[in-house]
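Asks: Here is what each chain is made of, one letter per residue.
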Amino acid sequence: MKRVYLDYAATTPTHPDVLAEMQPYFFLKFGNPSSIHQFGQEAKAAIETAREKTAKLIGASADEIVFTSGGTESDNFAIEGIAFANEKKGKHIITSKIEHHAVSECCEFLAKRGFTITHIPVDKFGLVDPEDVKKTITDKTILISIMHANNEIGTIEPIAEIAGIAKEKGVYFHTDAVQTAGHIPINKLNADLISFSAHKFYGPKGIGALYIKKGTRMVSFLHGGAQEKNRRASTENVPGIVGMGKACELAQNDMAIEKETILRDKLIKGLFDQIPEIVLNGHPTLRLPNNVNISIKHIEGESILINLDLMGIAASSGSACTSGSLDPSHVLMAIGLAHEVAHGSLRLTLGKYTTDDDIIYLLETLPPIVKKLRAMSPLK
Amino acid sequence: MAGPYSEKVMDHFMHPRNVGVIENPDGIGQVGNPVCGDIMKMYINVKDNVITDIKFQTFGCGAAISTSSMATEMIKGKSLNDALALTNKAVAEALGGLPAVKMHCSVLAEEAVKSAIDDYLKKTTGTGLPGFKPHEEPLEKHEH
Chain V
1 MKRVYLDYAA
11 TTPTHPDVLA
21 EMQPYFFLKF
31 GNPSSIHQFG
41 QEAKAAIETA
51 REKTAKLIGA
61 SADEIVFTSG
71 GTESDNFAIE
81 GIAFANEKKG
91 KHIITSKIEH
101 HAVSECCEFL
111 AKRGFTITHI
121 PVDKFGLVDP
131 EDVKKTITDK
141 TILISIMHAN
151 NEIGTIEPIA
161 EIAGIAKEKG
171 VYFHTDAVQT
181 AGHIPINKLN
191 ADLISFSAHK
201 FYGPKGIGAL
211 YIKKGTRMVS
221 FLHGGAQEKN
231 RRASTENVPG
241 IVGMGKACEL
251 AQNDMAIEKE
261 TILRDKLIKG
271 LFDQIPEIVL
281 NGHPTLRLPN
291 NVNISIKHIE
301 GESILINLDL
311 MGIAASSGSA
321 CTSGSLDPSH
331 VLMAIGLAHE
341 VAHGSLRLTL
351 GKYTTDDDII
361 YLLETLPPIV
371 KKLRAMSPLK
Chain F
1 MAGPYSEKVM
11 DHFMHPRNVG
21 VIENPDGIGQ
31 VGNPVCGDIM
41 KMYINVKDNV
51 ITDIKFQTFG
61 CGAAISTSSM
71 ATEMIKGKSL
81 NDALALTNKA
91 VAEALGGLPA
101 VKMHCSVLAE
111 EAVKSAIDDY
121 LKKTTGTGLP
131 GFKPHEEPLE
141 KHEH
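So the sequence lines, in the order shown, correspond to chains V and F. Counting from 1, one number per residue, gives the positions in the first sequence under this note's numbering. Counting from 1, one number per residue, gives the positions in the second sequence under this note's numbering.
Only chain V is shown next, with the shape it has when bound in the complex (with noise of 0.2 Å):
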C-alpha cells in the first residue's frame, strides 16, 4: 500500500547523511568525553565540533549552546534555570497560552511552588499581542517565555518585538524553537535562551540544545559532574551530539522553505476547493511554511486519522480523542473555537521528502472519508 507521511511536525526521518556521521561513534570511537585517553579525547574533539555546527545553525557562539536530551528538557531547564536563579529578584514569569506542555506544566510546577505565572492570550489566528506582554511585565517579573512558532497551528509569533521589550525591561526571554530550528532562519532571535530538539530536523531523537546567552543567570539541572562546563551533568551523548551537528550543518545549507511554502498553499487550496464547510487554523501567511491545520465541521479528528492511516497517511490531529484527555487542545481553544469545532481538526505537516504526488493522493484520500463520516454525524 502507498504509505504518505504528513506528519513532520511529530518527527522527522533521520536523513542518511547523520545516520553516517553517527555511525563511527558508537563503536568504534566510543571513549568517554570525560577520560584523558585517546578514546576520549576523539569523543570530545567530535562534540566541540558538533557544538559549533550547532551554534552556527542559530547564529550563537559554541560556548553558548548546551546539549541536552531534547526540546522538552531544553525547555524545563531554561524556565526552572532561569527561576531558582533569579528568584530573589521576583516570582512572576510570563508565558502564553498557547505554549507547548514543556513549557506550560513546567510553569505550573513552578506555580505550585510559589511562583506566580501570567498567560497571555492570543488571538484568532494565535497570535500574542506584544503589547500584552509589555503590560504584564512588573518588577517582580524574572522571565518570558513564547514560542517562536506553534507546534499546532503553526502561526508564527512577532519574537523579535517581545524579545525587545523584554531587553529593555531587563527581564530574561526564552523561545521554544522546536518547530522552527532547521526549518526557518533563527537568528538569535534576540533571546537569552533558545531551546531546539534534533529529531524536528533530520536528526536523531533523544538529542537538542538550549541556547543560553553569555552572562545569563541560571542554575544547573542535572547535577553530578562537570560535562557542559558544569550546566548539565551526565556522560554526553555522543552519537546523537555528532547526528544533531550534521543536521544541523544540512538544514543550514537546505531548508526547504520555497518548495514547502508551494506545497504547503496548494495543500490548503486543495482542502478549500474540495471540502466544504472548513476552517483554516492558524495565520494564513505568518506560519510555518510546512504547516496546515483545518477543522472540518460536524465530524471528529480521530475518526478521520484511523480512515486516513488505513488508506496509509500519517496525520495529526488535536481532538481529545487523540490525547487520551477529554479536551481538545488547549490551543485551538485558545483561537477560539467551538469544542466541536476543535475536535474535528486535522493538522498535516510536510517535509523534505514530501512530493507533489503525496498532495494529490491526500487530496483524493480525505474528501470521500470526510463524506462518509459526515454522513453518519448528527450535527448539521
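Because the hints were derived from the structure by calculation, they are not lab data. The beta carbon of each residue, even a glycine, is placed where N, CA and C say it ideally should be. Among the clues, some could well be false.
[What the hints assert, rightly or not] Restraint ranges, calculated between C-beta atoms of paired labels, are given here: (1) Glu73/F x Lys372/V: 17 to 23 Å; (2) Asn24/F x Lys371/V: 22 to 28 Å; (3) Pro284/V x Lys89/F: 45 to 51 Å; (4) Asp123/V x Met14/F: 36 to 42 Å; (5) Pro24/V x Glu73/F: 55 to 61 Å; (6) Gly312/V x Asn24/F: 47 to 53 Å; (7) Met14/F x Gly224/V: 48 to 54 Å; (8) Gln274/V x Lys89/F: 40 to 46 Å; (9) Glu168/V x Met14/F: 56 to 62 Å; (10) Leu286/V x Ser6/F: 39 to 45 Å; (11) Thr138/V x Leu129/F: 46 to 52 Å; (12) Asn49/F x Lys371/V: 35 to 41 Å; (13) Lys89/F x Thr138/V: 51 to 57 Å.
[What the hints assert, rightly or not] Partial chain F-side listing against chain V, Cβ under 7 Å, derived: (14) Val19; (15) Val35; (16) Gln57; (17) Gly62.
Could you slot chain F onto chain V? The hints should help.
Replies: Same frame as chain V, now just chain F:
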C-alpha cells in the same frame, strides 16, 4: 493495526450497521455533548413492544461510532425490556473490548438506547423511563 482498537471495533467503525435516520420515528434519543466530542442520536420504531427498526447518527471517535453500531445491532428486533437490559459492558465485550479511556463511549451507547426508549414511552404513555437521566456533564475517563 490502526491504533488502539480490536478487529471487531474496526469492523463496526469502518462498516457501521444501521447508520441513518428514521423519518417520523416512534422514539428519538440524543446523548453526549460537543465538549467531550461525542454525540449520539438514535431513532427507533416500536411495534408490539418490539424494536422493529433502529438507526443511529454519531459524531465522535472510532469507539463512539463502533459502540453505536454494535448497540443498534444488539437490540434490533428485541423487546423493549431486553433492550433496556443492555449494558455498556455488554456492548464493549461484544466489540472484543475497548481501551480504558474509551469505555465512556460504551456508556453513551447504552444511554442513547435508553434515551430513545424514554422518548417513545413519553410519547405513548406520557411518562418516561423511571429514574432515567443521562449524563449531562462530560464523563470522566476511567470512570467505568
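Asks: Work down the list of hints and note, for each, if the structure agrees.
Replies: Hint-by-hint comparison with the structure:
Under the hint 17 to 23 Å, the C-beta atoms of Glu73/F and Lys372/V, about 19 Å apart, fit the expected range. Between Asn24/F and Lys371/V the beta carbon distance is about 26 Å. The supplied range of 22 to 28 Å therefore holds. A hinted range of 45 to 51 Å holds for the C-beta pair Pro284/V and Lys89/F, which are about 48 Å apart. Taking 36 to 42 Å as the suggested C-beta distance range, the pair Asp123/V and Met14/F conforms, at roughly 39 Å.
In this structure, Pro24/V and Glu73/F meet the distance hint of 55 to 61 Å, their C-beta atoms being roughly 60 Å apart. Evaluation of the 47 to 53 Å hint for Gly312/V and Asn24/F yields a failure: the beta carbon distance comes to about 43 Å. Remark: the range hint 48 to 54 Å for Met14/F to Gly224/V is upheld by a beta-carbon distance near 52 Å. Between Gln274/V and Lys89/F the beta carbons are some 42 Å apart, a value that agrees with the proposed interval 40 to 46 Å.
At roughly 58 Å, the beta carbons of Glu168/V and Met14/F sit within the given window of 56 to 62 Å. Separated by about 43 Å at the C-beta atoms, Leu286/V and Ser6/F satisfy the suggested range of 39 to 45 Å. For Thr138/V and Leu129/F, the Cβ-Cβ distance of about 57 Å falls outside the hinted range of 46 to 52 Å, so the restraint is violated. Range check, Asn49/F to Lys371/V: about 38 Å between beta-carbon atoms, so the 35 to 41 Å window is met.
For Lys89/F paired with Thr138/V, a C-beta distance near 55 Å keeps the hint of 51 to 57 Å intact. Among the interface hints, the one on Val19/F holds; its C-beta lies about 5 Å from the nearest C-beta in chain V, closer than the 7 Å criterion. Interface hint status for Val35/F: upheld, as the beta-carbon distance to the closest one in chain V is roughly 5 Å, under 7 Å. This hint holds: Gln57/F has a C-beta 4 Å from the nearest C-beta of chain V, less than the 7 Å allowed.
Proximity of Gly62/F to chain V holds as hinted, the smallest CB-CB distance being about 5 Å (cut-off 7 Å).
In the structure shown, a violation is registered for the earlier hints numbered 6 and 11, in ascending order.
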